[in-house]
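For the record, in the sequence shown the residue sitting at position 342 is 342 according to the UniProt record's numbering, with numbers rising by one throughout.
These aren't lab readings, by the way, just hints derived from the structure by calculation. Values in this document were obtained by computation on a predicted structure and should not be read as measured data. Backbone N, C-alpha and C define an ideal beta-carbon position, used for all residues, glycine too. Careful: at least some of the hints might be erroneous.
[As the list claims (entries may be wrong)] With a straight-line cut-off of 20 Å between C-alpha atoms, the simulated DMTMM-like cross-links for lysine to aspartate or glutamate are:
1) Lys285 - Asp306
2) Lys292 - Glu270
3) Lys292 - Glu313
4) Lys285 - Glu302
5) Lys292 - Asp341
6) Lys292 - Asp315
7) Lys292 - Asp306
8) Lys292 - Glu302
9) Lys292 - Glu310
10) Lys388 - Asp341
[To be verified] Distance windows between CB atoms, simulated:
11) Ala286 - Glu343: 34 to 42 Å
12) Gly119 - Ser408: 24 to 32 Å
13) Arg328 - Leu392: 37 to 45 Å
14) Glu380 - Arg199: 29 to 37 Å
15) Glu380 - Ala131: 48 to 56 Å
16) Glu302 - Arg63: 21 to 29 Å
17) Leu221 - Ala370: 43 to 51 Å
18) Arg199 - Glu270: 19 to 27 Å
19) Arg199 - Arg295: 33 to 41 Å
20) Arg126 - Gln406: 31 to 39 Å
21) Arg199 - Ala373: 38 to 46 Å
22) Ala85 - Val415: 24 to 32 Å
23) Ser353 - Ala131: 46 to 54 Å
24) Glu112 - Glu302: 53 to 61 Å
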Amino acid sequence: MRADRVTVRFSPTPRLPLLLALAALPALFPGLLWLSLALAAALTGVALADLAASRRTIEAERRVENPLSLGEENPVRLAFRCHGAPVTLEVCDDLPLHLEPAGEWPVVRLEEGAWVEVGYRVRPGRRGRYAIGPLHGRYRSRLGLWNRMITWPITDEVRVYPNLLAVRQYEVAMRQGRQMEGLKRARLRGAGTEFESLREYQEGDEFRAINWPATARRGSLVTNLYQVDRSQPIMLLVDAGRLMIPQIQGLSRLDYVLNAAMLLATVAAERGDQVGLMLFGGEVKAFVPPRKGRRQVMAMLESLYDLQPEQVEPDYGRMLGWFAARHRRRSLLVLFTDLVDPEINRGLTAHLSALAARHLVLVVTLTDPALLALSRCIPENAQQAYEKATALEVLAQRAETRARLQRSGVLVIDVPPSSFSAAVVNQYLQIKEQGRL
């Protein structure tokens with residue numbers, strides 16, 4: 001955006017009062033007052049001339065990538081054109097809370113009549129909608145006696161989405177025909193409904209897929225391969241209650257969840273599946289019915305990018321019942337939540353067991369690396385021993401809940417942030433390849 005009207009102010013630099021103080025020194029000696037007055041008058045004239053000569057007309061533009069990605073360094077481009085003698089311009093933007101500059105503010109040398117581009121990077125600390133305010137610049141007069149401050153009334157509305165870096169990396173990798181780092185290479189053949197070919201049995205293949213006549217002929221297990229089914233419903237159920245508020249390495253649990261959810265939605269849409277979303281806390285905060293296509297992913301982004309976790313207890317029974325009443329077709333249900341409260345976990349297990357009778361249910365949780373580090377540390381005092389014991393107890397409760405869910409026919413992922421998104425997508429790819437839907 002380009003500014004039409006600007007505000008210009010000026011102020012003396014420390015150099016000007018210092019010179020005036022030096023000019024007053026002769027007055028301390030008898031008979032030299034006239035010299036101080038003469039020096040002060042001369043200095044005043046020079047200062048006023050320097051101020052007048054410092055006038056410039058400077059145009060400014062700002063270009064911001066929109067939307068921004070949470071937690072990443074997003075580029076902001078600034079352009080300036082000076083009408084007048086060259087100046088060195090220091091610039092800064094009026095950034096709102098939760099948008100922080102990554103590094104130093106830029107300094108740019110402007111030559112007369114030429115557009116010059118410079119940039120900086122901004123790191124959002126929270127999702128939502130923000131306004132970047134006026135652009136500010138400052139330069140010194142030729143003699144260094146004055147600072148001229150310019151304010152360009154440029155405003156830009158920006159949206160901060162979940163971290164889309166992984167999504168962009170995946171899209172680039174797909175266009176270039178290569179595999180994104182961290183994701184397993186998925187074959188486009190699996191255990192669907194239309195027969196395609198035979199291959200040697202591999203660990204994880206379903207028992208029903210074994211071709212017994214071919215196995216007898218070859219003397220080793222042989223598996224039927226089918227075209228992978230497409231257009232299957234994938235529902236992302238996101239807990240946005242109090243369990244998603246705690247931060248891990250600078251981001252809330254909900255932020256990590258949304259980053260992984262959007263990568264999974266992108267991959268599933270790319271493979272022709274229908275993707276939907278339900279985000280809930282004490283009530284349903286967003287619901288996007290499953291549909292196919294890239295536009296569906298963008299619709300999901302628009303529905304959740306500015307939603308924040310609530311300080312409420314998630315009512316799993318009511319929320320999952322609300323969903324089950326509206327969605328009866330067998331689907332892959334991916335529930336993003338946390339397994340920290342044993343009492344809540346027991347109720348959650350019962351509700352998910354009922355859903356697992358109709359759907360394939362995958363529970364995804366995030367392991368806190370700090371908790372793992374505490375459980376492995378060697379205590380050096382009583383406080384550290386207590387912290388380690390607490391960490392071990394929490395991890396044991398999580399393991400017990402995972403085991404209970406798995407016995408109920410529910411798949412579970414519990415991994416740290418470094419492998420979170422990749423683990424979710426890889427589990428989806430494995431499910432598709434094995435034809436478990």
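key: Unmet hints by their number, sorted upward, for this structure   = 3, 5, 6, 7, 9, 11, 12, 14, 22 and 24
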